[in-house]
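For the record, the sequence lines run as chains L and V.
Per numbering that gives the first Met the number 0, residue 0 is the first one in the first sequence, and the count goes up by one each step.
Per numbering that gives the first Met the number 0, residue 0 is the first one in the second sequence, and the count goes up by one each step.
Please keep in mind that the hints were generated in silico from the structure rather than gathered at the bench.
Watch out, some of these pointers could steer you wrong.
[To be verified] In silico lysine-lysine, DSS-like type, Cα no more than 30 Å apart, as pairs: (1) L:Lys227 / V:Lys309; (2) V:Lys309 / V:Lys319; (3) V:Lys438 / V:Lys399; (4) V:Lys438 / V:Lys63; (5) V:Lys155 / V:Lys167; (6) V:Lys399 / V:Lys353; (7) L:Lys323 / V:Lys438; (8) V:Lys167 / L:Lys333; (9) V:Lys167 / V:Lys63; (10) V:Lys155 / V:Lys299; (11) V:Lys63 / V:Lys459; (12) V:Lys353 / V:Lys155; (13) L:Lys44 / L:Lys76; (14) V:Lys155 / V:Lys309; (15) V:Lys459 / V:Lys438; (16) L:Lys333 / V:Lys63; (17) L:Lys227 / V:Lys353; (18) V:Lys299 / V:Lys309; (19) V:Lys353 / L:Lys323; (20) V:Lys319 / V:Lys353; (21) V:Lys399 / V:Lys459; (22) L:Lys76 / V:Lys399; (23) V:Lys155 / V:Lys319; (24) V:Lys299 / V:Lys319; (25) L:Lys333 / V:Lys438; (26) L:Lys76 / V:Lys155; (27) L:Lys44 / L:Lys333.
[Said to hold, decoys possible] Quick partial rundown of chain L residues pointing at chain V, CB under 10 Å, derived from the structure: (28) Pro53; (29) Arg106; (30) Phe147; (31) Arg187; (32) Trp307; (33) Ser334.
[As the list claims (entries may be wrong)] Listed next, the stretches of chain L that the computed footprint assigns to chain V, with coverage defined by at least 3 CB atoms under 8 Å from CB atoms of chain V: (34) 3-10; (35) 110-122; (36) 148-156; (37) 213-223; (38) 268-281; (39) 285-292; (40) 308-319.
A virtual CB, placed ideally from N, CA and C, is assigned to each residue, including glycine.
So the chains spell out like this:
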Amino acid sequence: MLSPGSISNLVECVRSAPRVIAIGAGTKPRLSRVATDVVRLSTLKLSGIVEYEPSEFTFTALAGTPLRDIAAALAEKGQYLPFDPMLAEAGATLGGTVAAGLSGPGRFRFGGLRDFILGVRFVDGEGRLLRLGGKVVKNAAGFDLPKFFVGSAGRFGALAEISFKVFPRAVTALTLRIEAGDAVAVGRILAEAANTRWELDALEAVPAERAVMTRLVGPAAAIEVLAKEILGRWPGAVLGEAEAAAFWRGTAEFAWAHPGGTLVKVAVTPADVPALLSLPAAHVRVSAGGNAGYVSLPGGAALPELRWPAVTLRGEAPLWPGAKPRFEIMRAVKSSLDPRSRFPNLDE
Amino acid sequence: METPSVLRRLLALLPTGRVLVEAPALAAYESDGLTAFRTRPLAVVVPETQDEVIAAVRFCHAEKLPFVARGSGTSLSGGSLPVAGGIVITLNRLNRIVRLDPAQRIAVVEPGVVNSAVTLAAQPHGLHYAPDPSSQPVCTIGGNVAFNAGGAHCLKYGMTSNHVLGLKAVLATGEVVEFGGASREQVGPDWTGLFVGNEGLFGIALEITVQLLPRAETFHTVLAGYQTLEQAGDAVSAVVASGLLPGALEIMDALALEAAVAAVHADYPPGCEAVAIVELEGPREVVAADRLRLEEILAKSGAVEVRVAKDAAERLAIWKGRKSAFSAVGRLSPDFIVQDGVVPRRRLGEALRKISGWSREMGVRCANVFHAGDGNLHPLILYDGREAGALERAEQLAGKILRMCIEMGGSITGEHGVGVEKREYLPEMFGAEEMDCLKRIRAAFDPLGIANPGKMFPEKNAPTLTQHGLHPLEQAGVISRE
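Given the sequences, and given the hints that come with them, work out the whole structure.
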């Protein structure tokens, strides 16, 4: 395992081996579980916020910076990453979060990680340090490589530094638990609650409890009125502060999932929710208003067939276990960024 | 004149009437929103189905024939400027909304669907399509996707790329691909994100899946007049620093105000050198609380007058003045160039001082209307194309502004794209290796270099400069440049 402590050192490390893959804190270990001849390149020493301009709503940090450091720095200025990055307490890094393309409950309102990434510096397959995208909140110059890196699992380059847009954070929040009744009702409530005047901040489902969880943020007096209106429409309750905090922390850390088992993210729509919930022997959580599903299985259990696009974050299942469209252009783009496959191939 | 053999083969490939070759028909496609440039294509293909688009692109690939995809031709960077000896594929007839799913809040549309038609179709379900470039009554989603169009609401809602969930496209190689899908969450590399903003260099989108958002329940639109541009800029900074997240934050300077008054009889507080427009939106209870905070901030901002839109009509009037400012400038000058560079928001004041200094020094008038919330400048550089050297001076000023944006750590384009207009400046924003990387990606999608050549990357062959003037739709007041 190589452990570069600077960007120039990262470039040297990438150049030093014919095959490499960058690894952050290893909180999504399946992404980097590749052949043993691929040299592991830890980004943990490549840590720190390089620039933070609260008045610009932007920051730039090194790829190995822990999410919790970033969240703390932003919170000091009343700001946050609105997509609620996952696994912060477990130590997840900014770069690993980009490579996994993982967004949390807050992605429901303003969009996911892809909607907040502005620019990247990365080392390509030829060992060149490149900077693409920008550091300002709006930029249309050149192809959007920063977005392309979201979810790319380290297959196209090693991230060195990443720039993001951030938002001011509302001071008050309320969490509501809605009792859904059954799987069909879960899907229906997700779809209906998403198209209302309420501007919900998060909309999740806990199928095991037939419950839909939602969060309102904003001026206290305003969200109390909205909460009453929501609870007038569906049965449920406002959670106490401690209970709410525990729920969102547990969601962000996958505390509900089988420890040591398989954890898979699937891209779905609310209409798919009943089918997703009928997967045999699986714990399932539904996120982003029914657009993301997380499937957890105990260690050793076989993953049922998935008809949606999916990525395995932990466990033994194939990296891309679900629907997997493959086009010639994907190979061509890989060779344009990494002609000698210094980084593993997408399906490796 | 004898029909070239390649045209005979193209005519044979597609149903009768799909290929325009006569000079008068071609003339309409010679130029786009960047009216300073003009090139006559060999032919214009007007496909009516996705299969015809695919056939045309595969034909171009087989014949090594350059092609330029075109929607309504409103590009301000010359993005749909034809290539001499190549064809234009115009997509206006692929204008079906294939599917609108209110439960999933998505629409699947063909590239020729007009931007505001998506919102119109979504409205009965309480939904809308967020990206709102000022040309939205005519510009197409296909063009918006190619150039990653912006609008007045980007700070909060992002650009076109933030609203495209998936697409089907025919690449310049003839391969038909499908990226992304109906879900707002994806897995694997973001191919959709890479495609959006490709400036027509990758291929042609055939079907685009866009997300729809619930329409905000309440809007609170405020217009504040200031004695100096700097005060207006400070007011915007104060709003941003307060923790409010307005849907729109705009500033217009004196010359832009003059133009809006002339064009649509917009009414502004007298004696103002600048106005700021701030719009809050959301559930009525939230807006009611937020507006109190906004009032406090504006009360301390030194405004000459603060006007609050009392109803939908007054809100529309404020926006009409704002959105017409660009075409209105056409009344002050026979020709103008509009730029869309971005600077860090905290340096807006400095950027505007520099622009006005250069404007005075060079004797080139420049009006400013900008998306202040995201640092996106829109200097309108006025000139008279009939006057010797005037265009050159205007372009010199434009170049100074672009370089300033780069030096300040911003971007040469926030929403219009590089196109023909700014292609010489892209290598100043990115280094040689980055340019090489971009070119390699282009070559992966288009190894023959037949898809919209001459855009984004500098080339030796300069397009033809022509006599100037407003775009015909601008003259008619249908669209505006921003």
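Going through the hints against the structure:
1. Distance restraint check for L:Lys227 and V:Lys309: the Cα-Cα separation of roughly 28 Å lies within the 30 Å cut-off, and the hinted pair is therefore satisfied.
2. Under the criterion of a C-alpha separation no larger than 30 Å, the hint pairing V:Lys309 with V:Lys319 is consistent with the structure, at around 15 Å.
3. Between V:Lys438 and V:Lys399 the CA atoms are separated by roughly 26 Å; this keeps the pair inside 30 Å, and the hint holds.
4. Pair hint V:Lys438 plus V:Lys63 holds up; C-alpha atoms about 18 Å apart against a cutoff of 30 Å.
5. Restraint check for V:Lys155 and V:Lys167: satisfied, since their Cα atoms lie roughly 27 Å apart, inside the 30 Å limit.
6. About 10 Å separates the Cα atoms of V:Lys399 and V:Lys353, which keeps this hinted pair within 30 Å; it holds.
7. A distance of roughly 27 Å separates the Cα atoms of L:Lys323 and V:Lys438; the hinted pair therefore holds under the 30 Å criterion.
8. Between V:Lys167 and L:Lys333, the direct Cα distance comes to roughly 20 Å. Compliance with the 30 Å bound is thereby established for this hinted pair.
9. Taking the CA atoms of V:Lys167 and V:Lys63, the gap is about 23 Å. The hint holds against a cut of 30 Å.
10. With a C-alpha separation of about 24 Å, the suggested pair V:Lys155 and V:Lys299 falls inside the 30 Å cut-off, and the hint holds.
11. Taking the CA atoms of V:Lys63 and V:Lys459, the gap is about 19 Å. The hint holds against a cut of 30 Å.
12. Taken as a hint, the V:Lys353 and V:Lys155 pair is honoured in the structure, with Cα atoms around 28 Å apart against an allowance of 30 Å.
13. A C-alpha spacing of about 25 Å is found between L:Lys44 and L:Lys76, which places the hinted pair at or below 30 Å, so the restraint holds.
14. For the suggested pair V:Lys155 and V:Lys309, the alpha carbons sit about 23 Å apart, so the restraint of at most 30 Å is met.
15. Only pairs whose Cα atoms come within 30 Å are accepted, and V:Lys459 paired with V:Lys438 is accepted, the gap being roughly 16 Å.
16. For the suggested pair L:Lys333 and V:Lys63, the alpha carbons sit about 24 Å apart, so the restraint of at most 30 Å is met.
17. A hinted pair counts as satisfied when its Cα atoms are at most 30 Å apart, and L:Lys227 with V:Lys353 does not qualify at roughly 53 Å.
18. The straight-line distance between the Cα atoms of V:Lys299 and V:Lys309 is roughly 22 Å, inside the 30 Å bound, and the hint therefore holds.
19. Restraint check for V:Lys353 and L:Lys323: the C-alpha separation of about 52 Å exceeds 30 Å, so the hint is violated.
20. With a C-alpha separation of about 29 Å, the suggested pair V:Lys319 and V:Lys353 falls inside the 30 Å cut-off, and the hint holds.
21. Proximity of V:Lys399 to V:Lys459 is assessed by CA-CA distance (about 22 Å); at most 30 Å being required, the pair is judged to hold.
22. Restraint check for L:Lys76 and V:Lys399: not satisfied, since their Cα atoms lie roughly 35 Å apart, outside the 30 Å limit.
23. About 21 Å separates the Cα atoms of V:Lys155 and V:Lys319, which keeps this hinted pair within 30 Å; it holds.
24. For the hint linking V:Lys299 to V:Lys319, the alpha-carbon distance of about 27 Å falls within 30 Å, and the restraint holds.
25. Between the alpha carbons of L:Lys333 and V:Lys438 the distance comes to roughly 14 Å, so the proposed pair stays at or under 30 Å and holds.
26. A threshold of 30 Å between alpha carbons decides the hint, and for L:Lys76 with V:Lys155 the separation of about 18 Å falls inside it, so the pair holds.
27. Distance hint between L:Lys44 and L:Lys333 is fulfilled; the C-alpha atoms sit about 27 Å from each other, no more than 30 Å.
28. Taken as an interface hint, L:Pro53 checks out: its beta carbon lies about 8 Å from the nearest beta carbon of chain V, inside 10 Å.
29. This hint holds: L:Arg106 has a C-beta 7 Å from the nearest C-beta of chain V, less than the 10 Å allowed.
30. A distance limit of 10 Å between C-beta atoms decides the matter here; for L:Phe147 the minimum to chain V is near 4 Å, and the interface restraint holds.
31. At about 9 Å, the closest approach between the beta carbon of L:Arg187 and any beta carbon in chain V falls short of 10 Å, and the interface hint on this residue holds.
32. For L:Trp307, the suggested interface contact is upheld, since its CB lies about 8 Å from the closest CB of chain V, less than 10 Å.
33. The beta carbon of L:Ser334 is positioned within 10 Å of a beta carbon in chain V (closest approach about 7 Å), and the interface hint is therefore held.
34. Proximity of the region 3-10 of chain L to chain V, defined as three or more residues with a beta carbon under 8 Å from a beta carbon of that chain, is not established by the 0 residues found.
35. Under a criterion of three residues with beta carbons nearer than 8 Å to beta carbons of chain V, the stated coverage of the region 110-122 of chain L is upheld, 4 such residues being counted.
36. For a cut-off of 8 Å, the count of residues in the region 148-156 of chain L with a CB near a CB of chain V stands at 7, and the three-residue condition holds.
37. Figure legend: the region 213-223 of chain L, annotated as covered by chain V; annotation consistent (5 residues with Cβ-Cβ distances under 8 Å, at least 3 required).
38. Remark: the region 268-281 of chain L is confirmed as covered by chain V, as 3 of its residues place a Cβ nearer than 8 Å to a Cβ of that chain, reaching the required three.
39. Counting residues of the region 285-292 of chain L whose beta carbon lies closer than 8 Å to any beta carbon of chain V gives 5, which meets the minimum of three for the stated coverage.
40. Coverage of the region 308-319 of chain L by chain V holds in this model, with 4 residues showing a Cβ closer than 8 Å to a Cβ of that chain against a need of three.
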